[in-house]
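Peer 1: For this one, chain Y is given, so just place chain A on it according to the hints.
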Amino acid sequence: MDKTILLMIIGMGLVTYIPRMIPLVALSQLNLLGFVQNVLKNVPYATLGALIVPGIFLFSDNLMFTIVGAIAAFSIAFTGANVIVVVMGSIGTLVLYSMFFS
Amino acid sequence: MATTTFIKKQSSFLQGLQAGISIAIGYIPVALTFGLLSKSSGLGLAETVLMSLIVFAGAAQYISLSLLAVGTGIIEIIFTTFIVNIRHFLLSASISEKVEDDSIWKKMLYSFGLTDETFTVASTKEGTVSTGYMMGLMFISYASWVVNSGIGFVIGSSLPATVQESMGIALYAMFVGLLIPSMKKHRKVLYLAVAGAIINSLFYASQIISTGWSIVLSTLVSAVIVEMFYIKYANEENQHG
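Respectively, the protein sequence lines represent chains Y and A.
Per full-length UniProt numbering, the first sequence starts with residue 1, numbered consecutively.
Per full-length UniProt numbering, the second sequence starts with residue 1, numbered consecutively.
Extracted from the complex, chain Y is given alone in its bound form (with noise of 0.2 Å):
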């Protein structure tokens, strides 16, 4: 194996564990405050909210494709089904309507 990209790898794993652990060990035994202890809270919904929005809509080129894909996904979350079973008909729906439409 090429030492250079041993190293690179070496190297981008520190920096991608790093900003992963330190908060998680340090924090815990902190007592933050309240405010910061409820924007952190707040986090995961934010993160998924930034995470959905544009992403869902690029995933692919095709845009009908994409927008098929989002309404699937959005219509059987709200049936309140379990992911699994979301995420399954997602790619499901977009397989059916691969083979039919394009």
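No wet-lab data here; the hints were simulated from the structure.
All C-beta atoms in this analysis are idealised placements derived from N, C-alpha and C, irrespective of residue type, glycine included.
None of the hints are false.
Straight-line Cα separation of at most 30 Å, DSSO-like style, residue types lysine-lysine; simulated pairs:
no. : chain 1 : residue 1 : chain 2 : residue 2
1   : A       : 125       : A       : 106
2   : A       : 232       : A       : 125
3   : A       : 125       : Y       : 41
4   : A       : 188       : A       : 232
5   : A       : 232       : A       : 98
6   : Y       : 3         : A       : 39
7   : A       : 106       : Y       : 41
8   : Y       : 41        : A       : 185
9   : A       : 188       : Y       : 41
10  : A       : 188       : A       : 125
11  : A       : 125       : A       : 98
12  : A       : 98        : Y       : 41
13  : A       : 185       : A       : 125
14  : A       : 232       : Y       : 41
15  : A       : 232       : A       : 185
16  : A       : 184       : Y       : 41
17  : A       : 184       : A       : 125
Output of the computed footprint for chain Y on chain A, the stretches with three or more beta carbons under 8 Å from beta carbons of chain Y:
no. : stretch
18  : 42-55
19  : 172-181
20  : 188-194
21  : 223-229
Peer 2: Structure of chain A alone, referenced to chain Y:
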């Protein structure tokens, strides 16, 4: 006593594994594609699998391939990886409020597996998250990522193109599936998600910052603004009451 503890740990690990199945499936196309691209950018099988084993970060790994392809130096690649993954700082701080207290070495171990996907699954779970659950969740996601990177390298694109393209929806469908139930329960979740979506889209459209920073900033701004709005609202409620 020892047996009870063991069974309890075992079952929370299994719960984590189960919750991670969606992620493992979602990672399949992304990891297969990584393996495939990796081959075409000139990395070997061992290097490809090693990168997935050591880095475990989709976006950063993709970017490193495109940077390698244009002949970028390793320092720049490592720095770019850091910038792309800096958002994990925020995710790690947020999840530290959610996980059960446990020994530092266990936290050091499972924090390795903190990705956008494992974070969202763990943090949208009701109540406190146990160490066993985190281990199970990380394990299945990591295993899928590493194994499928290797498979991608070896088999290339033998899946039908339509299936590959359709699987691109998997991670987003999972995010939607995680978000909607909490949204139905709490109005605040709706505001947070919509704010995050709008701000991130604005950043994306204006192209002023990278995707990694865009997610950090839109998350932070939304989380702070919505919290301030709620404090104001609560104060007004108190005055009226």
